[in-house]
Amino acid sequence: MTGFDLTKEITYEDLRERLEDLSLQGSCCMRYGGYQIIPGQNETKITAWQCNMADVQNFDVRLPTVISLTLDGEDRIRSIELKENFKGSQGMICSRTYLDRKLKELYQGRVFSSQEKVFQDQYLSCCRHTYELMYGAVNLLEHCRRNGQDREIIWMQEITRAFHRDHGLDCEDRIELNGKMIRTRILIENLQGNIQYNAGGKVVSARNIRIQGLEEKEGVWYPIRDAVELNAESYLQYTRKLMKAVSPFWLSSGRRLGVRMKFYFSQIWGPTFFGILSQALGLVIFNNNYAYFQHCIYGMQRSEDGKPFCIGVSDDLDDVMANFPDFQLSDI
Amino acid sequence: MKLDYDEFAEFVCGKYGVSVDEAKTGCTFMELGIDSLSIYSMVDELEKKYSISIDTDDITDIYSLPRLYNYVQEKLS
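Same order as they appear, the protein sequences are chains A and B.
Be aware that the first sequence starts at 233, since it is given in the working numbering, and climbs by one per residue.
Be aware that the second sequence starts at 693, since it is given in the working numbering, and climbs by one per residue.
Same shape as in the complex, but just chain A (with noise of 0.2 Å):
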């Protein structure tokens, strides 16, 4: 799919060059994520990775984040590391020595299950990209367990591209695992003038935009189900009816991909393809603009009280110190 063999266990090397190798080709931005877990009797190795790119204004962002982690026996986290090519999307203060100390803290010593609670909750780990990463290798080491799939190599990659076109915006998704391969694409249609953004950075008007969902069988597309129009007057609205909207395209790929619960490793999962989307969106409707961009970012990440889920969009050391106590000016 990406040229990427990983039936064979990758290095940290091989992969940092991979993901610097990555390219956008042709779409206003993208996101490779993936998983190889190698399960031993006394040791299991997990590599988990994701890596945004987009196009602002002609030059190519790339943000890759790379974990790496190492169970004992007896499935405890025995040594965890986010890796050194962390560049942070958010500038200085998105501080990979900061978010290496708060994922050693979080997890170390911890049992490596989806019931452990700072595998669920978001907000722990002070980074959507760390939490998406260990919350979808928890879930997919499970659900290779229950189903007999964990005495090979185990391993996962996907590729969503969104597409910039005169109706609006087309992403494609390639999902691999195991082997399988699987695509679905998701329309988002009729944004020009329809999307409100408020002065935070969120949404805050949506009108007719249409959204349709399509699977591939045998290199045919299909709709997966009726065109649905999302309309919305609040920030809040829009986001669970984009939620509702897409979540029938994400059951799609897992039913085809023979993953029939807890499919949370996924790119078009709800929650992680909003933070997909959302970046497309401001780049087509804010036309490429880095400004706008983060902007976007910026409303995205935060709570409707202003709260920074993350450490990236804090706005100066004030707002850091005060969401995010354990912060040290060394850790920039």
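If you're looking for bench data, these hints aren't it; they were derived computationally from the structure.
Only a predicted model underlies this, so the values are computations on that prediction, with no experimental measurement involved.
Every residue gets a Cβ at the ideal spot worked out from N, C-alpha and C, and that includes glycine.
Hints should not be assumed to be uniformly reliable.
As the list claims (entries may be wrong) - Each computed DSBU-like pair below joins lysine-lysine, with the alpha-carbon atoms no more than 35 Å apart:
| no. | chain 1 | residue 1 | chain 2 | residue 2 |
| --- | --- | --- | --- | --- |
| 1 | A | K349 | B | K716 |
| 2 | A | K349 | A | K240 |
| 3 | A | K240 | B | K741 |
| 4 | B | K741 | A | K349 |
| 5 | A | K449 | B | K741 |
| 6 | A | K539 | A | K412 |
| 7 | A | K412 | A | K336 |
To be verified - Computed spacing ranges between beta-carbons, pair by pair:
| no. | chain 1 | residue 1 | chain 2 | residue 2 | range |
| --- | --- | --- | --- | --- | --- |
| 8 | B | E737 | A | D246 | 33 to 43 Å |
| 9 | B | R759 | A | M553 | 34 to 44 Å |
| 10 | B | I744 | A | A523 | 39 to 49 Å |
| 11 | B | N762 | A | D304 | 36 to 46 Å |
| 12 | B | E737 | A | K319 | 34 to 44 Å |
Said to hold, decoys possible - Under 7 Å between C-beta atoms, here's a sample of chain B residues computed to sit facing chain A:
| no. | residue |
| --- | --- |
| 13 | K707 |
| 14 | G709 |
| 15 | G725 |
| 16 | Y732 |
| 17 | S733 |
| 18 | V735 |
| 19 | D736 |
| 20 | T748 |
Could you slot chain B onto chain A? The hints should help.
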């Protein structure tokens, strides 16, 4: 139409891979290890299975198995 609670519980819990007994105690989905946003995936399955329409504004109120059961039961009657 009267919904069979046990059958309903089996359906919901089977989808999420959680214990029926635990879910029946009224624990929230979050307490059962289900992400709060994952209820959106269940909405689609329930709408299809029971031919009902679930309003997105109601989703935050149906945060446990008994509440979800009552909600669907009400829609059916």
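Each hint tested on the structure:
Restraint check: the Cα-Cα separation between K349 (chain A) and K716 (chain B) comes to about 20 Å, which is no more than 35 Å; the hinted pair holds. Straight-line distance between C-alpha atoms of K349 (chain A) and K240 (chain A) comes to about 32 Å, which keeps the hinted pair within the 35 Å bound. Taken as a hint, the K240 (chain A) and K741 (chain B) pair is broken in the structure, with Cα atoms around 42 Å apart against an allowance of 35 Å. Annotation: proposed proximity of K741 (chain B) to K349 (chain A) holds, straight-line Cα distance about 31 Å (limit 35 Å).
A threshold of 35 Å between alpha carbons decides the hint, and for K449 (chain A) with K741 (chain B) the separation of about 24 Å falls inside it, so the pair holds. Under the criterion of a C-alpha separation no larger than 35 Å, the hint pairing K539 (chain A) with K412 (chain A) is inconsistent with the structure, at around 41 Å. A hinted pair counts as satisfied when its Cα atoms are at most 35 Å apart, and K412 (chain A) with K336 (chain A) qualifies at roughly 33 Å. Taking the beta carbon of each, E737 (chain B) and D246 (chain A) are about 39 Å apart, inside 33 to 43 Å as hinted.
Restraint check, R759 (chain B) to M553 (chain A): a C-beta distance of roughly 39 Å satisfies the suggested window 34 to 44 Å. I744 (chain B) and A523 (chain A) have their C-beta atoms about 45 Å apart, which keeps the hinted 39 to 49 Å range intact. Checked against the hint of 36 to 46 Å, the C-beta distance between N762 (chain B) and D304 (chain A) comes to roughly 44 Å, which is consistent with it. Look at E737 (chain B) against K319 (chain A): about 39 Å separates their beta carbons, and that is inside 34 to 44 Å.
At a threshold of 7 Å, the smallest CB-CB gap from K707 (chain B) to chain A is about 6 Å, leaving the interface hint in force. The restraint placing G709 (chain B) at the interface with chain A holds, with a minimum CB-CB distance near 5 Å, inside the 7 Å limit. Against a cut-off of 7 Å between C-beta atoms, the interface hint on G725 (chain B) holds, since the closest Cβ of chain A lies about 5 Å away. At a threshold of 7 Å, the smallest CB-CB gap from Y732 (chain B) to chain A is about 4 Å, leaving the interface hint in force.
Taking 7 Å as the C-beta cut-off, the interface hint given for S733 (chain B) holds, the closest approach to chain A being about 5 Å. Given hint, V735 (chain B) at the interface with chain A, holds; its Cβ is 6 Å from that chain's nearest Cβ, closer than 7 Å. A least Cβ separation of about 5 Å between D736 (chain B) and chain A falls short of the 7 Å threshold, and the interface hint therefore holds. Look at T748 (chain B): its Cβ gets to within about 4 Å of chain A, closer than 7 Å, so that hint holds up.
The earlier numbered hints that this structure contradicts are 3 and 6.
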